[in-house]
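There are 2 protein chains.
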Amino acid sequence: MRLATVRTTAGTRAALQHDGAWVLLQATDAGELIARDGWREEALAAVAADAERLPLEGAELAAPILRPGKIVCCGLNYHDHIVETGREVPEYPTLFAKFADTLTGPNDGIEVGGDSQKVDWEAELAVVIGAPVRRASRAEAEAAILGYTVSNDVSYRDWQSRTLQWFQGKAWDATTPIGPVVVTADEISPRDGLEIRCLVDDEVVQLSNTRELVFDAADLVAYVSQFTRLAPGDIVLTGTPGGVGLGRSPQRFLRDGEVLTTSIEGIGTLVNRVSISNGGDAA
Amino acid sequence: MRLATVRTTAGTRAALQHDGAWVLLQATDAGELIARDGWREEALAAVAADAERLPLEGAELAAPILRPGKIVCCGLNYHDHIVETGREVPEYPTLFAKFADTLTGPNDGIEVGGDSQKVDWEAELAVVIGAPVRRASRAEAEAAILGYTVSNDVSYRDWQSRTLQWFQGKAWDATTPIGPVVVTADEISPRDGLEIRCLVDDEVVQLSNTRELVFDAADLVAYVSQFTRLAPGDIVLTGTPGGVGLGRSPQRFLRDGEVLTTSIEGIGTLVNRVSISNGGDAA
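These protein sequence lines are chains E and L, in that order.
When you number the first sequence by our numbering, it's gap-free, plus one each residue, and the end is 283.
When you number the second sequence by our numbering, it's gap-free, plus one each residue, and the end is 566.
In short, the hints are calculated from the structure, not lab data.
C-beta atoms are modelled at their ideal positions from N, C-alpha and C, and glycine is treated no differently.
Certain hints may be false.
[Unchecked claim] Derived, one-sided and incomplete: chain E residues facing chain L with beta-carbon distance under 8 Å:
#: 1; residue: Arg53
#: 2; residue: Pro55
#: 3; residue: Leu66
#: 4; residue: Pro90
#: 5; residue: Asp101
#: 6; residue: Gly114
#: 7; residue: Gln117
#: 8; residue: Gln160
#: 9; residue: Leu164
#: 10; residue: Trp166
#: 11; residue: Phe167
#: 12; residue: Gln168
#: 13; residue: Trp172
#: 14; residue: Asp173
#: 15; residue: Phe227
#: 16; residue: Arg273
[Stated by the list, open to error] What follows is a list of derived Cβ distance ranges for each label pair:
#: 17; chain 1: E; residue 1: Glu111; chain 2: L; residue 2: Glu423; range: 12 to 22 Å
#: 18; chain 1: E; residue 1: Asn278; chain 2: L; residue 2: Asp484; range: 44 to 54 Å
#: 19; chain 1: L; residue 1: Thr311; chain 2: E; residue 2: Leu164; range: 48 to 58 Å
#: 20; chain 1: L; residue 1: Leu447; chain 2: E; residue 2: Pro132; range: 24 to 34 Å
#: 21; chain 1: E; residue 1: Leu164; chain 2: L; residue 2: Leu339; range: 21 to 31 Å
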């Protein structure tokens with residue numbers, strides 16, 4: 001199944017991709033949908049009942065999960081990105097949090113309204129939780145994963161490096177695009193290898209494979225669940241591969257008007273134009 | 284005004300301290316109450332209308348804000364704590380996040396169910412937001428502060444130091460007690476100096492004053508609001524003074540059955556018994 005949240009004139013709606021169309025479901029977003037028991041049957045019943053449809057092309061999508069209760073992010077989790085930051089392969093995942101309103105839609109503009117001169121990209125596989133998880137084994141964690149989506153953990157490197165804690169460089173409102181769809185775990189397997197790539201305008205800046213993850217989706221969900229309960233709609237960002245602007249020589253950050261294109265094989269593509277109104281870029 | 288959330292047999296209720304009693308208000312917690320326009324008039328009307336009361340003594344309190352949308356925490360923010368960690372006075376606040384369910388009530392037990400052997404205390408002043416704030420000046424931030432409460436940012440030092448990011452040592456479910464009341468900003472001024480102390484059983488382990496804060500409440504709210512909107516009920520933890528177990532020589536962590544008592548002058552006291560069922564302590 002491929003789930004999304006569609007913007008309509010009457011507000012947002014959860015939607016299931018089916019037969020070249022979005023079948024609109026009775027929920028304001030995919031997050032509200034998947035928190036309900038029997039949502040799969042409900043979605044299939046909507047298809048069978050010929051529920052309202054929108055064409056795939058031209059539909060405007062929001063973040064599939066609009067109000068996740070928790071977003072946990074992992075850093076330093078691709079072998080190639082660890083190499084470029086000059087670090088060792090870690091024994092434990094490096095984790096931090098974002099807020100729900102840090103997220104933005106898969107085609108929304110990213111407005112840099114602060115004073116950052118070092119806005120950087122981080123293409124990431126995002127894991128969506130489908131069932132409550134607490135102190136889970138790897139197998140239990142795997143079973144609680146609803147599916148996967150694409151994200152870009154856009155980071156303000158100057159703010160990120162002001163102190164020891166990265167959070168303030170990574171929690172700017174509406175700067176983390178996510179989507180376009182959540183693909184359920186029965187359809188794809190990041191462990192088997194999905195190509196992940198990020199482009200700035202036409203230039204491929206990141207190109208890797210989810211096979212390169214140090215801690216895979218089930219590892220991360222199991223680990224996080226040791227200290228905090230996860231619930232349907234919660235999101236785990238799994239970290240970014242090599243090729244970020246900070247790791248290049250010379251360093252290279254986003255400029256006003258550039259378009260960030262983030263994609264993962266078998267899931268889809270985010271396209272986000274960056275607006276920088278603070279007069280600066282660090283080119 | 285002194286606001287709390289009282290546990291009753293019919294669920295939690297927001298309450299206003301008045302004339303030696305809790306006056307019960309029409310909201311499930313103080314967070315729901317203060318998100319409403321006109322809540323002050325509503326609370327005073329309940330007092331005048333002789334609404335249901337509970338005696339102060341014996342009432343069981345929950346965290347005053349049960350579901351804050353955002354909790355932002357500051358580290359390294361007391362001159363004396365900075366000295367004990369061997370660091371310099373910072374130019375910027377060091378920030379990280381907690382989840383709503385990391386909080387627990389002012390007299391609840393703290394159950395250490397994981398494998399941590401280094402559970403430490405961090406008495407903190409907590410700021411409660413009363414109005415929407417975005418990219419605020421210091422004066423605007425000050426005006427958006429509803430009031431203050433007491434918290435203890437209980438930290439699992441072994442997990443905290445596993446990686447560069449502290450989050451995983453500070454986001455264990457139900458380990459951050461908060462309360463007992465939110466005292467509105469017209470009644471107290473941390474900038475003018477409130478004594479803050481933490482005891483482990485009968486031993487005073489932290490004793491400082493909010494005058495020692497490097498970044499005060501208004502500084503922190505203004506700073507955080509540069510990157511993320513704050514809303515009524517959001518909470519900012521302002522960091523802990525010197526005297527944590529990690530900073531002692533020899534180091535000293537919490538043991539099963541010890542009682543943590545955290546108080547701030549003019550606000551109140553948290554009393555939390557620690558249960559450590561993993562067989563260990565690092566005494």
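Results of checking the hints against the structure:
no., hint, in the structure
1, Arg53, "violated (34 Å)"
2, Pro55, "violated (34 Å)"
3, Leu66, "violated (14 Å)"
4, Pro90, "holds (7 Å)"
5, Asp101, "holds (7 Å)"
6, Gly114, "holds (6 Å)"
7, Gln117, "violated (15 Å)"
8, Gln160, "violated (11 Å)"
9, Leu164, "holds (6 Å)"
10, Trp166, "holds (6 Å)"
11, Phe167, "holds (5 Å)"
12, Gln168, "holds (5 Å)"
13, Trp172, "holds (5 Å)"
14, Asp173, "holds (5 Å)"
15, Phe227, "holds (5 Å)"
16, Arg273, "violated (20 Å)"
17, E:Glu111 <-> L:Glu423: 12 to 22 Å, "holds (21 Å)"
18, E:Asn278 <-> L:Asp484: 44 to 54 Å, "holds (52 Å)"
19, L:Thr311 <-> E:Leu164: 48 to 58 Å, "violated (37 Å)"
20, L:Leu447 <-> E:Pro132: 24 to 34 Å, "holds (29 Å)"
21, E:Leu164 <-> L:Leu339: 21 to 31 Å, "violated (42 Å)"
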